[in-house]
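**Q** Sequence:
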Amino acid sequence: MAIPAELRQSHTLVRPISVAAGTGSRLHGAELAADRDPATFWVSNRDGSQPGHGPTPEHPEWLELTLRGDEQIDEVVILPRPRYGPRRVALSVDGTRVHESQMADAPLRLALPQPAKARRLRLDITASYDPLYPTQPRNVQVAEVLLLRRATVQD
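Take the sequence shown: its letter number 69 is residue 69 in the numbering used here, and every next letter is one higher.
FYI, nobody ran anything at the bench for these hints, they're computed from the structure. Treat the hints loosely; a few may be bogus.
Stated by the list, open to error - Simulated DEER-style distance windows between Cβ atoms:
(1) E6 - H99: 14 to 24 Å
(2) Q114 - E6: 15 to 25 Å
(3) E58 - Q9: 34 to 44 Å
(4) A151 - D70: 16 to 26 Å
(5) P134 - R8: 16 to 26 Å
(6) R8 - A39: 31 to 41 Å
(7) P113 - P51: 30 to 40 Å
(8) E31 - R109: 17 to 27 Å
(9) A106 - H59: 21 to 31 Å
(10) P51 - A151: 41 to 51 Å
(11) I17 - L132: 16 to 26 Å
Bear in mind the structure is a predicted one, so any value in this text is a computation, not a measurement. Backbone N, C-alpha and C define an ideal beta-carbon position, used for all residues, glycine too.
Full structure from sequences and hints, please.
**A** See the structure below:
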């Protein structure tokens, strides 16, 4: 997965060593949200084919990316699967919530308030888009979560 064009000169992609989720479908597991291929995607699956089984504040879905060690992260970019992505997200770094946002049905860039040395980043998703059931989404789908650090001379 390429870094978005506007960030290529200034940022380097940080690859997680593992990706976990609260739920996931057999064919669209959590690892697909960080495989560098925007054509693949994670699908939550709390019986994800039924209207009303998508994420809610009472039953959020989550993705957690674990890094090799304390890695510097400056920005997080969330690429939703179009028409099925997150509507509301919260980002935590090593257990501390650092951002909450409404999300349009488009990529979201989250600049961290301060560059973070992190081992784990977690997205909590409490609402999603679904064109067939807009008021009762069936699941949430994320194509990629990109972890970026500002490029240095060593990069």
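**Q** Confirm or reject each hint.
**A** Okay, the hints, checked on the actual structure:
1. For the hinted restraint 14 to 24 Å between E6 and H99, the CB-CB distance of approximately 20 Å keeps it satisfied.
2. In this structure, Q114 and E6 meet the distance hint of 15 to 25 Å, their C-beta atoms being roughly 21 Å apart.
3. Checked against the hint of 34 to 44 Å, the C-beta distance between E58 and Q9 comes to roughly 43 Å, which is consistent with it.
4. The beta-carbon spacing between A151 and D70, approximately 18 Å, falls within the hinted interval of 16 to 26 Å.
5. Checked against the hint of 16 to 26 Å, the pair P134 and R8 fails, with Cβ atoms roughly 35 Å apart.
6. Range check, R8 to A39: Cβ separation about 20 Å, and the 31 to 41 Å hint is violated.
7. At roughly 37 Å, the beta carbons of P113 and P51 sit within the given window of 30 to 40 Å.
8. Judged by the Cβ atoms, the range 17 to 27 Å given for E31 and R109 holds: they are separated by roughly 23 Å.
9. The given range of 21 to 31 Å is respected by A106 and H59, whose C-beta atoms sit roughly 25 Å from each other.
10. Checked against the hint of 41 to 51 Å, the pair P51 and A151 passes, with Cβ atoms roughly 44 Å apart.
11. Restraint check, I17 to L132: a C-beta distance of roughly 36 Å breaks the suggested window 16 to 26 Å.
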